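J.: Protein chains in written order, with this note's numbering: chain A, 1 to 146; chain B, 1 to 146; chain C, 1 to 146; chain D, 1 to 146; chain E, 1 to 146; chain F, 1 to 146; chain G, 1 to 146; chain H, 1 to 146; chain I, 1 to 146; chain J, 1 to 146.
If you are wondering where the hints come from, they were derived from the structure by calculation, not from laboratory data. A quick note: this is a predicted structure, and the numbers were derived from the prediction, not measured. Wrong hints could be hidden among the right ones.
To be verified - Here are some of the chain G residues that sit facing chain I, going by a computed Cβ distance under 10 Å: (1) Thr74; (2) Lys77; (3) Tyr86.
Claimed, not checked - List time: in silico SDA-like cross-link candidates among lysine to any residue, alpha-carbon distance up to 20 Å: (4) J:Lys77 <-> B:Trp75; (5) I:Lys77 <-> J:Gly96; (6) E:Lys144 <-> D:Pro71; (7) A:Lys77 <-> C:Lys77; (8) J:Lys77 <-> J:Thr4; (9) E:Lys144 <-> E:Lys128; (10) C:Lys7 <-> C:Ile56; (11) C:Lys26 <-> C:Lys77; (12) J:Lys73 <-> F:Trp146; (13) E:Lys144 <-> F:Thr81; (14) H:Lys106 <-> G:Ala27; (15) G:Lys7 <-> G:Phe107; (16) C:Lys77 <-> D:Asp76.
Where a beta carbon is used, it is the ideal one built from N, C-alpha and C, also for glycine.
There are 10 protein chains.
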Amino acid sequence: MDKTIAKEAILKAKLETGETWDSLGKAINMSPVWLASACLGMNSMPEDKAQAICEILGLNSELVPILSACPHKTWDKAVPTDPLIYRLYEIVGVYGETLKSVIHEKFGDGIMSAIDFSMDVEKEENPKGDRVVITMNGKFLPYKSW
Amino acid sequence: MDKTIAKEAILKAKLETGETWDSLGKAINMSPVWLASACLGMNSMPEDKAQAICEILGLNSELVPILSACPHKTWDKAVPTDPLIYRLYEIVGVYGETLKSVIHEKFGDGIMSAIDFSMDVEKEENPKGDRVVITMNGKFLPYKSW
Amino acid sequence: MDKTIAKEAILKAKLETGETWDSLGKAINMSPVWLASACLGMNSMPEDKAQAICEILGLNSELVPILSACPHKTWDKAVPTDPLIYRLYEIVGVYGETLKSVIHEKFGDGIMSAIDFSMDVEKEENPKGDRVVITMNGKFLPYKSW
Amino acid sequence: MDKTIAKEAILKAKLETGETWDSLGKAINMSPVWLASACLGMNSMPEDKAQAICEILGLNSELVPILSACPHKTWDKAVPTDPLIYRLYEIVGVYGETLKSVIHEKFGDGIMSAIDFSMDVEKEENPKGDRVVITMNGKFLPYKSW
Amino acid sequence: MDKTIAKEAILKAKLETGETWDSLGKAINMSPVWLASACLGMNSMPEDKAQAICEILGLNSELVPILSACPHKTWDKAVPTDPLIYRLYEIVGVYGETLKSVIHEKFGDGIMSAIDFSMDVEKEENPKGDRVVITMNGKFLPYKSW
Amino acid sequence: MDKTIAKEAILKAKLETGETWDSLGKAINMSPVWLASACLGMNSMPEDKAQAICEILGLNSELVPILSACPHKTWDKAVPTDPLIYRLYEIVGVYGETLKSVIHEKFGDGIMSAIDFSMDVEKEENPKGDRVVITMNGKFLPYKSW
Amino acid sequence: MDKTIAKEAILKAKLETGETWDSLGKAINMSPVWLASACLGMNSMPEDKAQAICEILGLNSELVPILSACPHKTWDKAVPTDPLIYRLYEIVGVYGETLKSVIHEKFGDGIMSAIDFSMDVEKEENPKGDRVVITMNGKFLPYKSW
Amino acid sequence: MDKTIAKEAILKAKLETGETWDSLGKAINMSPVWLASACLGMNSMPEDKAQAICEILGLNSELVPILSACPHKTWDKAVPTDPLIYRLYEIVGVYGETLKSVIHEKFGDGIMSAIDFSMDVEKEENPKGDRVVITMNGKFLPYKSW
Amino acid sequence: MDKTIAKEAILKAKLETGETWDSLGKAINMSPVWLASACLGMNSMPEDKAQAICEILGLNSELVPILSACPHKTWDKAVPTDPLIYRLYEIVGVYGETLKSVIHEKFGDGIMSAIDFSMDVEKEENPKGDRVVITMNGKFLPYKSW
Amino acid sequence: MDKTIAKEAILKAKLETGETWDSLGKAINMSPVWLASACLGMNSMPEDKAQAICEILGLNSELVPILSACPHKTWDKAVPTDPLIYRLYEIVGVYGETLKSVIHEKFGDGIMSAIDFSMDVEKEENPKGDRVVITMNGKFLPYKSW
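The following block holds chain A by itself, in its conformation from the complex (with noise of 0.2 Å):
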């Protein structure tokens, strides 16, 4: 029940079809980002969905229960290197406080949760440079006290 398995027969399928996560995303209804992060491992997908995307891509039904398994999320280092991957790091070190007070005037004790939670990637175009707009959305968690 290896979802690397199923990973890297996604990416070649996808590679070779000339699909995307966006042309993929709209063909079974749901976010590219979410799709990507169920293909690459690191969330369960519904069965239908899980069929539905093996159909598209001509894979074998027997990578459905892997891709609907509930994964083991694990990441390689503390500090990533991928220069894409350390600005978002980056981004948490020198805004972390920051987020942290904002959220707390707003909202009171609490967090923002990251399992009740999607989030979405739009390119904003701009003629001194296209922009990345990362939207992330979390139902805030108040601290229970008891």
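Got chain A; can you put chains B, C, D, E, F, G, H, I and J on it based on the hints?
T.: Frame of chain A; chains B, C, D, E, F, G, H, I and J shown alone:
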């Protein structure tokens, strides 16, 4: 020129005056997220903004050069412990490779800048529990070949 | 607004008055575990509870805003050294994958919240040696697909 | 005598037979949490229990000595990354000193054993969202003076 | 209630009075190793022993509650640097798996307790160079199945 | 010349022949702890001892030069995770400074050698639970002034 | 799409054909430093350049999509060990704060981009020993206020 | 002989006098990069240069021996956090193996010295955004065979 | 071009032929320490020396370009575990600041090169136990001011 | 009994009197390297030597018991940053396995003691640049079998 001095003075004055990042941001016509980051010592403030903040909060203008100095941005631990900040770190860990794949698909090889960058935090009201919406907006920087 | 000041004042007063987490918890109608965590600086107290604690322990009410502020939760070392705390860390290491497998079987893909969460400690008397019983109760949060 | 072999055989057979930790635990009269931990390679099984599990799952009895061998308990990273397991780690970080203080108050100087120890997981139904209830039960071990 | 205060007072008085761990241990009828560990802040002392030590060393009895408090046991670095202490760490590294194998062979699955535990240090005279003999004595704790 | 090969062959043969570290040690007139350490790859064996072990266990004498080669002693993690081994590490952490102070008092400035060193493990029967007794015996090495 | 395959094929062909980074760079009209980085898997190559390299080195054009894919940039250790690379790391450690101070003085608050970036290496002949001259050229990115 | 004292005195005087690394460098006929590094405590200054700096900035000549002492060069974290300095670290990570390969091709086996070394920073004006140009110049040191 | 292949072939041939680092060093007129380092993959060999070693040990001359390639010098752990190597690391830790102070006193500000460097190991016979004598000889490199 | 106090007093007096490690070593008939290590807090001094040093440097004899106490040897970072000390660390990394192999060949299985150990530093004049010669002399300790 220790930014900690300015940070503590501002937090104390903010509590006493009842000002918020939101009200201060509006007063000086800047985003509350940026303003908070600059007051917490993670960004430099243009002199006129620093002057305005000191006036609103009744602070000595000796803080102006401190607030407008270039900060040394540092954080304590490679993996943050505070739950609010850790959830953001976890999002980078869980979704880092996903974001890399989606951004490369949309933009080609390059990164989202964390320097030519802005960020907002909004509260989305929801009967099942309000939601935190964080929007990041960074210039796409393509890798140069030479 | 340093929570260490409140923590030290409370520990000193607790020793002098002979109060315990148990007696204090009963007096303000909260769990002794939650109360201890808030006094030790790891949770924020509602203002009325903070006021009550200060009165019982004869402490200056200037501590009230400190006790009700949102804490920055931090710990010193990735691997704890104190034997009592290390054993809890070891339980997470030894049984983490087991708990993951059992919870996924019972609830599906998701996690136990550490925010919408409570915990109790009881003493189970036993002729072969008393036993510590720790009960953790956290909301199950299913992963969102989007 | 590699416990990974037994683990993989059991997980595969469990999927094919539709057995669960719960049904297997009942069948051999042991807790599903303990059973899962032993099947995942983190505890040793008494030979009769190992024999029974192999029969129920239709596995070769060559796995019996592997299942009953003393495991080398190891985990990958000082700070776990999987969100379900991380939340448990976070609870130890946030509440470790609290538990230490409460247990010392109730029992004196000593620790809760992680060896003479058992654990259960229950589902508490709740209209606002079901809750995970984890109960840990460990012998109190007082420090010896000599 | 900082155990460092007691430690420093005791080390100073010990030097001035010429007492040794050995003479102090005999005087209060306890092992010098345990006594040293309690004076250095790594174990709690029964009140009568703490009282006796303060009297012998001419120390203020305000140290008694500090000496009898439950310590927070902490050490600085995962790998010790002082050569005397490093050699002990090295013995654990080189012989850890050996001790595990030998103890499992003699006792079955379980561990040697570090809590229900005592230790002695003796000097073995030897013409080729005296030898240090350290004896550790810990209760065997078998793993529980449940 | 990989010592892992010898280790695995010996563990397999030991299981099949029913020999123990104890019986093997007696047969070749060496301590079972030393013998185990050499078989597990952490010490080199004199050739005659290696020859004798191979004969008793019915192993190919090609293992003799492997068993008598100087090992590269290595361990995986700075902080061990297996509970039996961790307890030994914890003893070094908790009692390291104590042992340093007691040994300096008895012997002067220097260390206990981990090279000119032997160790034994005994079972002490006890109605309240048997006890593990580990004895370490190392030459005292005084620091040289020059 | 493993860039290691392309790297190994290129290094082997480079050795057999006697080509150098310099000669290859001239042949395709790119800098040898950039070319080496792309062949070693740390940058993506425009397709025509990848095609040209494969032709010159007599390599299968199946390597073209691998060479033009976006790399996952990773390195092994936070602190490099190879002396040539360590010296560069040391320069960052010793002169990092200096460069920060000098760049802020010349440019204001911001950074030198490592993405919109190029680098050259030249040999400066010198009778006392030739010198390595590394020139880095990166766009200055000012921090944005918002 | 704490270089931090000299550093702070110089930074304060530099701010008050309006001198820059550039103007100071010209005044004493040294590179502003070297001068900054020596003032920030990472290099030792020849006495006459230290004397000249103290005179220009109106500082007590007691700082001269501090400025000319050999520094202990240290930095805080294996991976820098400040974005300007991190980008330099990232360049070493991304291009380290490239530089190694190119330098070995041009010079043979050896390294670029970080001791017999100089560095300059220039501003390259550019309508698309000015560029930072860093030039490093270090003696090539061939490995010795013996 | 993997130096591990050459290393393993040489160690095997050395064992079979009975050659030693000493005898091989004499045969090719190089120091046994340097020779060992080059055979173990930590230095590059001039081609004629590599050719000579292959002939003496009866090895395929395909190893010559491997032996003369520039190595990537890497080691596994920041703190070595093998006792022989750890003692050297400990000497650097204990005496590092001492050596720094003594060398600066004798030579001024600078370092001992580890590149323009040679090392020898001798056995000093001594009735109380033979002694290892290691001599390091490295060029002093003064820091450059510029 | 803080050795830092003695260290600072000695360094100050050494600067004021113009004494050097060399002149002090000669005056008390000890090696300057050992003397420096004892003054810097990494070795204990025999009382007569400590007395002599205090007299030469005009220091209060209260420092004598501090200088003759057993030090707790500690260093800050697993990987040193100062270039002079790092080069020594690098030599251990690059040549550690080489020294292990050469010493085992010359002496059998065992180590060079870092306790029964002495070290000298000499300047070797050389027209191409003076050389630092470090000689380490440690007793060979063979592993004991038992």
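J.: The structure should be examined with respect to each hint, and the outcome stated for every one.
T.: Now for the hints, and whether the structure bears them out:
For G:Thr74, the interface hint is violated, since its Cβ never comes within 10 Å of a Cβ in chain I; the closest pair sits about 15 Å apart. A cut of 10 Å between beta carbons decides the hint on G:Lys77: the least distance to chain I is about 8 Å, and the hint holds. At a threshold of 10 Å, the smallest CB-CB gap from G:Tyr86 to chain I is about 9 Å, leaving the interface hint in force. Under the criterion of a C-alpha separation no larger than 20 Å, the hint pairing J:Lys77 with B:Trp75 is consistent with the structure, at around 18 Å.
Simply put, I:Lys77 and J:Gly96 have alpha-carbon atoms about 12 Å apart, close enough for the 20 Å limit, and the pair holds. Pair hint E:Lys144 plus D:Pro71 holds up; C-alpha atoms about 14 Å apart against a cutoff of 20 Å. Taking the CA atoms of A:Lys77 and C:Lys77, the gap is about 17 Å. The hint holds against a cut of 20 Å. Of the pairs offered as hints, the one joining J:Lys77 and J:Thr4 holds, with about 18 Å between alpha carbons and a cut-off of 20 Å not exceeded.
Our distance criterion of 20 Å between C-alpha atoms is broken by E:Lys144 and E:Lys128, whose separation comes to about 47 Å. Our distance criterion of 20 Å between C-alpha atoms is met by C:Lys7 and C:Ile56, whose separation comes to about 15 Å. Distance restraint check for C:Lys26 and C:Lys77: the Cα-Cα separation of roughly 33 Å exceeds the 20 Å cut-off, and the hinted pair is therefore not satisfied. Taking the CA atoms of J:Lys73 and F:Trp146, the gap is about 18 Å. The hint holds against a cut of 20 Å.
Note on E:Lys144 and F:Thr81: the hinted pairing holds, with a Cα-Cα distance of about 19 Å set against a maximum of 20 Å. As the CA atoms of H:Lys106 and G:Ala27 are separated by approximately 18 Å, the hinted pair is consistent with the 20 Å bound. For the suggested pair G:Lys7 and G:Phe107, the alpha carbons sit about 38 Å apart, so the restraint of at most 20 Å is broken. Annotation: proposed proximity of C:Lys77 to D:Asp76 holds, straight-line Cα distance about 17 Å (limit 20 Å).
Violated hints, listed in ascending order, are 1, 9, 11 and 15; each of the other numbered hints is respected by the structure.
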